[in-house]
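Visitor: Residue numbers (full-length UniProt numbering), protein chains in the order written: chain A, 1 to 338; chain B, 1 to 308.
A couple of the hints might just be wrong.
Said to hold, decoys possible - Selected chain B positions facing chain A (Cβ under 7 Å, derived; list incomplete):
| hint | residue |
| --- | --- |
| 1 | Ile172 |
| 2 | Arg175 |
| 3 | Ile261 |
| 4 | Leu262 |
Read the hints as simulated data drawn from the structure, not as lab findings.
Treat the numbers as computed from the prediction; the structure is a model and nothing was measured.
C-beta: ideal position from N, C-alpha, C; glycine also.
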Amino acid sequence: MARYLARRLGQALLVVAGVVMLTFAVMRLVPGDPAVAFAGPKATPEQLAAARERFGLDDPIPLQFVNYVRDLFTGDWGTSLRTRQPVRDDLYLAFPASLELVGAALVIAVLIGIPIGVLAARYKTKFPDFGVRFTSMLAVSVPVFWLALAMQLVFAGHLGWFPIAGEYDSSLDSTSPLTLWTNITIVDALITGNWPIFTSTLEHLVLPALVVAAYPTGMIAQMARAALIEESGQDHARLERALGFGETSILTRFALRPALSPVLSLIALVFAYSIVNGFLVEAVFNWPGLGRYAAESIKSLDTPAIAGVTLLVALVYTTANLIVDLLQGVVDPRARAR
Amino acid sequence: MTAAETAAGGRLRRTLPRIPDRFAAFGAALIVIVVVASILAPWIAPYPDEPNPLELLRPPSAAHWFGTDQVGRDVLTRILYGGRTSLFIAVAVLAVSAVAGVTLGVVAGYAGGWVRDVIMRVTDVFLAFPALLLSLALAVVLQPSVNTVVLAIAATWWPWYTRLSASVAASIATRGYVDAARCLGVPAPLIILRHVLPNSLTPVLVQLSLDAGGVILTAAALSYLGLGAQEPTAEWGLMVQQGQTLFTTNWWVVTFPGLAILVTAFAFNVIGEGLRNALDPRSGGARQERAKPTSAGAAATMSTRVVK
Numbered sequence: 001m002a003r004y005l006a007r008r009l010g011q012a013l014l015v016v017a018g019v020v021m022l023t024f025a026v027m028r029l030v031p032g033d034p035a036v037a038f039a040g041p042k043a044t045p046e047q048l049a050a051a052r053e054r055f056g057l058d059d060p061i062p063l064q065f066v067n068y069v070r071d072l073f074t075g076d077w078g079t080s081l082r083t084r085q086p087v088r089d090d091l092y093l094a095f096p097a098s099l100e101l102v103g104a105a106l107v108i109a110v111l112i113g114i115p116i117g118v119l120a121a122r123y124k125t126k127f128p129d130f131g132v133r134f135t136s137m138l139a140v141s142v143p144v145f146w147l148a149l150a151m152q153l154v155f156a157g158h159l160g161w162f163p164i165a166g167e168y169d170s171s172l173d174s175t176s177p178l179t180l181w182t183n184i185t186i187v188d189a190l191i192t193g194n195w196p197i198f199t200s201t202l203e204h205l206v207l208p209a210l211v212v213a214a215y216p217t218g219m220i221a222q223m224a225r226a227a228l229i230e231e232s233g234q235d236h237a238r239l240e241r242a243l244g245f246g247e248t249s250i251l252t253r254f255a256l257r258p259a260l261s262p263v264l265s266l267i268a269l270v271f272a273y274s275i276v277n278g279f280l281v282e283a284v285f286n287w288p289g290l291g292r293y294a295a296e297s298i299k300s301l302d303t304p305a306i307a308g309v310t311l312l313v314a315l316v317y318t319t320a321n322l323i324v325d326l327l328q329g330v331v332d333p334r335a336r337a338r
Numbered sequence: 001m002t003a004a005e006t007a008a009g010g011r012l013r014r015t016l017p018r019i020p021d022r023f024a025a026f027g028a029a030l031i032v033i034v035v036v037a038s039i040l041a042p043w044i045a046p047y048p049d050e051p052n053p054l055e056l057l058r059p060p061s062a063a064h065w066f067g068t069d070q071v072g073r074d075v076l077t078r079i080l081y082g083g084r085t086s087l088f089i090a091v092a093v094l095a096v097s098a099v100a101g102v103t104l105g106v107v108a109g110y111a112g113g114w115v116r117d118v119i120m121r122v123t124d125v126f127l128a129f130p131a132l133l134l135s136l137a138l139a140v141v142l143q144p145s146v147n148t149v150v151l152a153i154a155a156t157w158w159p160w161y162t163r164l165s166a167s168v169a170a171s172i173a174t175r176g177y178v179d180a181a182r183c184l185g186v187p188a189p190l191i192i193l194r195h196v197l198p199n200s201l202t203p204v205l206v207q208l209s210l211d212a213g214g215v216i217l218t219a220a221a222l223s224y225l226g227l228g229a230q231e232p233t234a235e236w237g238l239m240v241q242q243g244q245t246l247f248t249t250n251w252w253v254v255t256f257p258g259l260a261i262l263v264t265a266f267a268f269n270v271i272g273e274g275l276r277n278a279l280d281p282r283s284g285g286a287r288q289e290r291a292k293p294t295s296a297g298a299a300a301t302m303s304t305r306v307v308k
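Given these sequences and hints, build the entire structure.
Guide: Below, the structure is given as structure tokens:
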């Protein structure tokens, strides 16, 4: 296991190195001179030269790359051309909001996806199975930005059940200011007992979280169904049937547990996917997360910020994949063999 | 199922993958409708795809089934033409990524050793980027257009086929007939071309059909963000974006293009799943996903469907 762990970690490090190189290449390719973007259109040649000096733009490319890597290691992810803040600080504010959204979505996805997967497996090829397959297929096929617009119009606009956009009612900032611990608003509100902000965040969270949850719910339901059907065809299920257990209790008492292992790996993977998928939803609901930050950075050709988001998400991806593989290695010794 | 079973000869049954259930048949029917309607768009569209200042934002009616948009174009007409754009993108992306991905994958799988290691590590790097994110970054660098979308998505899509075909090719490279060919002195490129490649294609073809829906969704998302197709090209994601400020007053300009994306992606996903189940009779493909022993195994097979 130790050798497997070391090799898999080594691979992940290689991937991260490649990701850094690719990010750097994309940054160099972006049209427009970062010095002009930073110093502004009316900058004097001296100011431009100072900006070029500051970002090291006159250095040879390999040296720029070395400096870029060194800065990353020392925690300097560059300065955003748009917000003028260190990119790391911006990300530190935006990422928790995305985590909050995706976390809520995954909770919904697990709570709905696994039970309906069990339902479909229990009534395989019958009507409930068809209904689950149909709706879960719809859920993974729906364009999220469109679903977000539709939900916003119907449930926030026409019915007025939920707020239109934002993370929480910003007027609460003055009446009951939030103490930040984790930067995840709903968690901070909960641990500091800030109920006005907690309930406001919860109300704002429902619609976007439901939209982001569509894809993972569909995937989890399909995976749970397939794994359960396979598990209920195993020898142990035949024994349980012979002992007189009903189909429902075979599924829930014996088959569910082994079937959950692929579902768990799936959750780690859809988590990473949903962060990016959430970008589109954040744009519609004006959620102050990574997606909105990325969209605004792209609009203003803010290269350091774009590079920062790209790098962060790629790291999340790599980590999720690593965790899945390591868990697989723990659960299934055959996975370590190669 | 019925069509194949009533074909008395049984030859058809053997050559065609059995359509496992009505669900997949339904998806196949939907695809046929979407493809035929898109190809025939110039002939069956009720109006020319041009602005008409006299018919701005008309609600759905007998004359305009899906209404008209903010410059007076018939929404149904735009959707039919938009189908051509989406299908073109899907075909182009899948063709480019499959050719690039499978070529690398088959070489990696057959050669093994350091060649395989180098190719797979590069592939891993590209896999670490979510398709939408790298497409975003690339779309910023390149001028937004339909071709940019194809390039951007293909740049993130090929590694999946490399991974898939490399693992298949590696197992084929150990078969007796490959050994035999090698002993006869057949050069490696010819072995790859004549033996390894043809036998590696089936899983790739299934994966392609599973991926078409994902490509269409990603392309629509890029166009929705303004990084893809540009006015006056008819594209479903672009139509949603252009209509979204009018959504509260003119629901049809957003609703129908979105439904078009949903129906098309749904149809491709259903047919892809049906094909996979037909070729892997152990229902749902669950065992295949769990039993693969490599690190590219369980996670990869699932993530091919997931993390794009």
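Visitor: Checking each numbered hint in turn, tell me which of them this model violates, lowest number first.
Guide: 1 and 2
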